[in-house]
Structure formats: C-alpha cells, structure tokens
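Visitor: Residues per chain are reported as follows:
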Amino acid sequence: MNAIDRPRSPDLQVWKWHLTMVLSITHRASGMLLAAGSGALAFWLICAALGPDQYAIAQAFFRSPVGVALLMLWSWSLFFHLCNGVRHLFWDAVKGYELPTAFASAWAVLVVSSALTIISWAFGFLVVGGAS
Amino acid sequence: MNYRAPLRTVRHYGAAEHGTGHWIAQRVSAVALIPLTLWFTAALLYTVFTANYTGAIAWIGRPWNTLALVLLVGAVFYHSQLGWQVIVEDYVQGFWAKTAIIMAIKLVSLLVAAAAILAVLRVAFGG
Chain A
1 MNAIDRPRSP DLQVWKWHLT MVLSITHRAS GMLLAAGSGA LAFWLICAAL GPDQYAIAQA
61 FFRSPVGVAL LMLWSWSLFF HLCNGVRHLF WDAVKGYELP TAFASAWAVL VVSSALTIIS
121 WAFGFLVVGG AS
Chain B
133 MNYRAPLRTV RHYGAAEHGT GHWIAQRVSA VALIPLTLWF TAALLYTVFT ANYTGAIAWI
193 GRPWNTLALV LLVGAVFYHS QLGWQVIVED YVQGFWAKTA IIMAIKLVSL LVAAAAILAV
253 LRVAFGG
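Line by line, the protein sequences are chains A and B.
Residue numbering for the first sequence follows the numbering used here, starting at 1 and increasing by one per position.
Residue numbering for the second sequence follows the numbering used here, starting at 133 and increasing by one per position.
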C-alpha cells in the first residue's frame, strides 16, 4: 500500500509561539510524561505485591533525589493535564472559545496547576514530613 | 442498491468511522480520572508516601482503596493508550509503521495494566 498524501497535522515549527498553542503542546507533552508516571505507578504496585525486599527497592527509588525530582515533574504534569483537561471539557461543551476567554483560562490553568503542585509538596515536606 | 464505490474509498481519503467512539471514550475516561487522580494524590501525601511496607500493604488492602486503585489503574492505562494513539496517528507516516506502533502501544498498555491490577488484588486478597 502506497503512502497516501493525506493532510498532515501542523508541524510545531510553523506555529508562531503564543500562550494557547504552548498550552496545547504542553497538554500533549504532560500526557506523555504521565504515561511514564503510570508505568512508575505499576512498578510501585507490583513491588508491593512481590514482598518487603522488592518494596524497599521501589521505596528507595522514589525517595532518591532522582525519584523525588521525577515525582515533582509527574505531580505538576498531573495537575496541569487535569486542569487543562477540564478546560478541554468546557470546549467540548462549546463554551469558552472566545479568544479573551481562551487566554484567561490558559492563565488560570497555569496558576492553578502550579499552585496545587507547590501546595502539595509544601504539605508533604512540612506537614507530613515525608520525603526526607 | 448502489454499486458505485464512493470516491473517498477509491482514493483512501475517507474517515475510518471510528473517530467518534475514540473521542467519547477519551472524554469518559478523562471524567473518571478527575476524582480518581485527586483521591490518589491526596492519599499519597497523607499516608502512602510516609508508610513503610506494612503500612502500604494495609492501605492497598482496605476495600475502598483496593476498588479505587483497580479503577485508577484501568482508567489511567485506557486513557493513556487512547492519547498515544492520537499522537502516533498525527506524527507517524506510513500505514504499516503506524498500525504496528499503535498495536504495540495497546498491547503493552494492556499487559502493564493487567499486571498492576493483579498486583493490587494479590495484596488485597493475599497470595
């Protein structure tokens, strides 16, 4: 079967950089990061099922500097994808397409997802005292 | 009866007629993931992250947590492979490469999700 000359998705380099397109590509990138994060979730659960020794391996990884950095990245990806996903659901309901609204909701997604990430980690470190 | 093949079929430009189902499945799993991911993040912060092995096993084994973890893993991997499918359809050229990659993503997602769900059930029911 020959390759068909179908219309292609716009390549990244043809876009002028502006906030709403940055959020669009970040939504996809954060989704890809979260796919890796779900692999880590599976790894953690499987280690828990295998026994204390294997659980200790997972525990050591998630509490190492690399593990904590990854968890921070995944937590922000999760909050971003969650907030921007809700923004997408509003668009699916044909609400919020006007440009000023789209830019306002973009800023709201950035502020809320970053705030939730910072609050979560501050709570984790200060209140629960977990990641030490 | 119409014996003429539509031009879109002849030229392979037509839709596969599966787009709407994919679109709806992505939204349904997204809505399911809102409470599930918020619950899991809160649980990680409150209990799981500080728990030792015994604490984590006890947490996974509590009935509501077991149920929510199974749903979370199922919804996460289902939603994830739907998303990867769109990315591959957008950026991978060529029918066979595209089909093979999408099929591999779906099968690996199913494998990892099944293993994770089995792990949750094994912890919950002993094994």
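Hints in this document: simulated from the structure, not taken from any laboratory.
Yeah, the Cβ is synthetic: ideal placement off N, Cα and C, and Gly gets one too.
Hints are supplied without guarantee of correctness; some may be wrong.
Stated by the list, open to error - Covered, in the sense of this in silico footprint (three residues per stretch, anywhere, with C-beta under 8 Å from a C-beta of chain A), are these stretches of chain B:
1) 156 to 166
2) 169 to 177
3) 193 to 202
4) 214 to 226
Visitor: Among all the numbered hints in the text so far, which are the ones the structure does not match?
Guide: 3
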